[in-house]
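So the sequences go chain by chain: A and B.
Following my numbering, the numbering of the first sequence begins with 1 at its first residue and continues without gaps.
Following my numbering, the numbering of the second sequence begins with 1001 at its first residue and continues without gaps.
Read the hints as simulated data drawn from the structure, not as lab findings.
Take these hints with a grain of salt, some might be off.
Unchecked claim - Below, a list of computed lysine-lysine pairs in the BS3-like style, where the Cα atoms sit at most 27 Å apart:
1. B:Lys1068 x B:Lys1098
2. A:Lys83 x B:Lys1098
3. B:Lys1068 x A:Lys9
4. A:Lys9 x B:Lys1098
5. B:Lys1050 x A:Lys57
6. A:Lys14 x A:Lys71
What the hints assert, rightly or not - With the Cβ distance kept under 8 Å, some of the chain A side facing chain B (calculated, not the full set):
7. Ser49
8. Gln50
9. Phe55
All C-beta atoms in this analysis are idealised placements derived from N, C-alpha and C, irrespective of residue type, glycine included.
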Amino acid sequence: DGGITQSPKYLFRKEGQNVTLSCEQNLNHDAMYWYRQDPGQGLRLIYYSQIVNDFQKGDIAEGYSVSREKKESFPLTVTSAQKNPTAFYLCASSARDTEAFFGQGTRLTVV
Amino acid sequence: QQPVQSPQAVILREGEDAVINCSSSKALYSVHWYRQKHGEAPVFLMILLKGGEQKGHEKISASFNEKKQQSSLYLTASQLSYSGTYFCGTDASGGYNKLIFGAGTRLAVHP
């Protein structure tokens, strides 16, 4: 079955540590996205990529980094520069003029 | 810039109707509507494209006023399963699905 997979579902980060969230899709979509969601809030765009080896910053890119070496994969690294990383992270992919498909999310907690 | 959704919250009895609005200050190519249950990924409801094309579920209806950059989602004969948070996502990138989401409208349907 086609879909978009995020892992892990839960992630704990120590202060000063970098962590990487995985996102893989087998829908053959060109575009992929990362969103952050805080409790009771909407989805805020972190990074998006329209094509392999190219990506653009969203509204809240500071403290995050991404790569897009393969069409299927768009990992997000939360760096130590992100001072308040505890949140629900959602990855999505889409084709032109169609809906965005979301993964099940990764809940990141700083311990 | 984030689209503005209204109202922020709605409480309904089963069978009642509701309208959720979304407006943007940017010229839009498309508007997407999603529903999210607590702790889950957003689920696609409807996409409205510039020019009048719509794609989505049969029981969901929506409108898109291209001149005013406004969209409305119509929920009729509400069911308990309609409860959740509704988000509009707006695309001003010309169809490349750079979606910017509103803050959401919380809908609670009671028996």
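Verification of the supplied hints:
Distance hint between Lys1068 (chain B) and Lys1098 (chain B) is fulfilled; the C-alpha atoms sit about 20 Å from each other, no more than 27 Å. Between the alpha carbons of Lys83 (chain A) and Lys1098 (chain B) the distance comes to roughly 26 Å, so the proposed pair stays at or under 27 Å and holds. For the given pair, Lys1068 (chain B) sits about 40 Å from Lys9 (chain A) by alpha-carbon distance, which is inconsistent with the 27 Å threshold. Using a Cα cut-off of 27 Å, the hinted pair Lys9 (chain A) and Lys1098 (chain B) holds, with the two alpha carbons roughly 25 Å apart.
This hinted pair checks out: Lys1050 (chain B) and Lys57 (chain A) have alpha carbons roughly 25 Å apart, not beyond 27 Å. Among the hinted pairs, Lys14 (chain A) with Lys71 (chain A) is inconsistent with the structure: their alpha-carbon atoms are about 31 Å apart, more than 27 Å. With its C-beta approaching chain B no nearer than about 10 Å, Ser49 (chain A) sits outside the 8 Å limit, and its interface hint is violated. With its C-beta approaching chain B no nearer than about 6 Å, Gln50 (chain A) sits inside the 8 Å limit, and its interface hint holds.
A cut of 8 Å between beta carbons decides the hint on Phe55 (chain A): the least distance to chain B is about 12 Å, and the hint is violated.
In terms of the numbered hints stated before, the structure departs from hints 3, 6, 7, 9, listed from lowest to highest.
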